[in-house]
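> Order-wise, the sequence lines are chains A and B.
So for the first sequence, the numbering used here puts the first residue at 1; every next one is plus one.
So for the second sequence, the numbering used here puts the first residue at 579; every next one is plus one.
Computed footprint of chain A on chain B; a stretch qualifies when at least three of its residues, placed anywhere within it, have a C-beta under 8 Å from a C-beta of chain A: (1) 607-615; (2) 624-630; (3) 642-656; (4) 659-668; (5) 680-690.
No wet-lab data here; the hints were simulated from the structure.
As the structure is a prediction and not an experimental result, all values here were calculated from the model.
Built from N, CA and C at the ideal position, the CB exists for glycine as well.
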Amino acid sequence: MKTLMTGNEAIARGVYEFGVSVAAAYPGTPSTEILENIAKYPEVYSQWSPNEKVAMEVGIGAAIAGARSIVAMKMVGVNVAADPLFTVAYTGIRAGLVLISADDPGMHSSQNEQDNRLYAAFAKIPLLEPSNSQEAKDMVGLALEISETFDTPVMIRITTRIAHSQSLVELNDPIERVVKTYERNPRKYVMLPGNGRARRLVVEERMHKLADYTETVAVNNMELQDQSIGIITSGISYQYVKEALPTASILKLGLTNPLPSGLIKEFAAKVDRLYVVEELEPYIEKEVRILGINVIGKELFPPYGELSVRMVSEKISGQPGITVAPAFDSPIRPPVMCPGCPHRGIFYTLKQLKLVVSGDIGCYTLGAMAPLEAMDTTICMGASISAGLGMIKAHPEMADKMVAVIGDSTFLHSGITGLMDVVYNGGNLTTIILDNSITAMTGHQENPSTGKTLMGQPAPQVDFVSLCKALGVKRITEVDPFDLKTVKEIIKTEVAVPEPSVIIARRPCALIIKNTEKPLQVVDCNGCKACLKLGCPAISFDEENKTAQVDQALCNGCGLCINVCKFNALRKAGDGNV
Amino acid sequence: MSKIINVLLVGVGGQGTILASKILTHAAIAQGYEVKMSEIHGMAQRGGSVVTQVRMGENVYSPVIEPGEADFIVAFEQLEAYRWAHFLKKDGVLIVNTQKIVPLPVLIGAATYPDSILDDLKGRVGRFVELDGLKLASEAGNAKATNVVLMGVLSKYMEFSEDFWQNALEARIPAKLLELNKKAFASGIAEAK
Ligand code: SF4
Ligand code: SF4
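Generate coordinates for the entire structure from the input sequences, incorporating the hints supplied.
In structure tokens:
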């Protein structure tokens, strides 16, 4: 049977069909749905880990113990997981271990753009690149096979267009799920320097064996047609090439670390003009050049952003096509915090107090946008607190003018160590934990503070107050972010005290609560526009009548705006004169 | 190259473009086409612009539609129709739900919502269909079925058998909402006449 599946769904299906027993991840666009879909197969144990390094280590442990395992993350997550990754390349595994890296060319929802094929080369592990959903599924099987044959972790690198686009996939019955017996082997798995040195040689030897294998493996193959133009390509770029240049000869590479130098030479000799078409880094191109082969690549295609059919055809034909520019000037429609979002009250207050805000990654990063504009920096997951510490170490006088803000999931991901550092190194920084009881930005995943696991089991909940206490924070206050008066007082007090403090602002994400509140009404509005500063998408201004208006369909009745109107013009139905 | 049909569904996060594209792809597969569908979501989940691209034909490679290449654009909201109109082919069909959803920069007074959208578009695209999908959906029983009304309109222009559409609705919509959605779909067909 053939079904339409996204690349992420297809990978999950592969995990099920090819006998994987353990799967772990931290959510991150575009990789999130891989684990969400694996969780639909109860045969596979699947979990959210607090961060990618932990997920990687869970996968490594399971694979060493004898269970086929998979770990998934977005490309920046691999930075977090890189430490264990580089060493498991030395130890090898007992049962197959696959790491999925979901890269985001074009930065649809990421803070940077990185080509993780370079990680595979750097870590010296085999690399597979599917070009559609069917291949994404099949390559899970191939990756597990390579992993076990060559005793190595394997990386599958997808990009957003593979992860989130759907194409047809043939479904098969799952193979039998077997977990091998555990075999003790400290010389292989305990990476003391003496053992590590021996394994270092094994890694080199393995790469030599893989170099032979990559020449004959079926996913590396030539499609010979018109031989005046030859194109070497992989991943989604292959699809663009097929459509742009239907008659060109193609060397399609599926296993791209190590690259098949023999095959590349053979292909190069058959065609008149040779191109490499790849997104982001000149990863294949450099290898081709090292072989002494003249090739055209990054002089035509940019090392950033996504390619497209049109770009491939224009650049290779040398003829600019017709450019179709937007005909109209439309105001942008940026993402916004939802009506009733618990974060809104905090950012509104931070802006009022004119504080410097060291921010982090989550829905609340939207607090950086107009009209709230209350965020100074956002670097990466978990950096808010530690970067905040750095700022006050550079400028001690800033300590009573700044806060770090971080979500519940992000705090558990890697904010904890930053807070530990603040306490340890005497940084009098105020940290606000925005606890909305969920990992909201990626689509509402559970985390260690929510009381549930990915597979739907009840779980103990991390208690932020006790946790912060244990880290050595003495001043901890809890507040409802919608109680604007108290929020303001507490923030003012806490930034002023010369010691580390934590404010836990607690209210669930507006999208996870069953809301029965009525939308607000506007009565006797004075037209002062104070409520517009909240940036609630439900509130707009009627220029004709000079009054604020509340969109009845959007407003969820959270009541936050009642607090900012000095004229009592925003009211719940049933209150006062309404 | 065999002919490929490109359909772009554009709207605002929360309007149900994804479900609409699932109904469309279901019908297209039944028709015997290879189908690719691309949808980039991430931050767009929070009320931002959303675009879903559906490509169908004998052989479909890229999952992405290029500017000037869409046979059909179904816009769930006026401003999004404006934003994506340049993706339409010269003789393509633009179907616009006249609903307005004002983006935040407009709400806070940092930008203005163009008021001549429908007139501008009428003059510039091959074929133009406008309708109040929200109203039709509400009449059918639920404002949320606007997406299905729009699929009803689109169905008038695609050469799929009526059965394929009905099967797609049955496969993609929960049983208790099916009747209402079938009504919504039918009102879309009627509107397109
Ligand atoms: S999903 Fe939740 S946390 Fe995110 S913006 Fe919406 S209400 Fe706020
Ligand atoms: S009550 Fe006010 S702040 Fe809350 S959603 Fe409604 S309009 Fe927005």
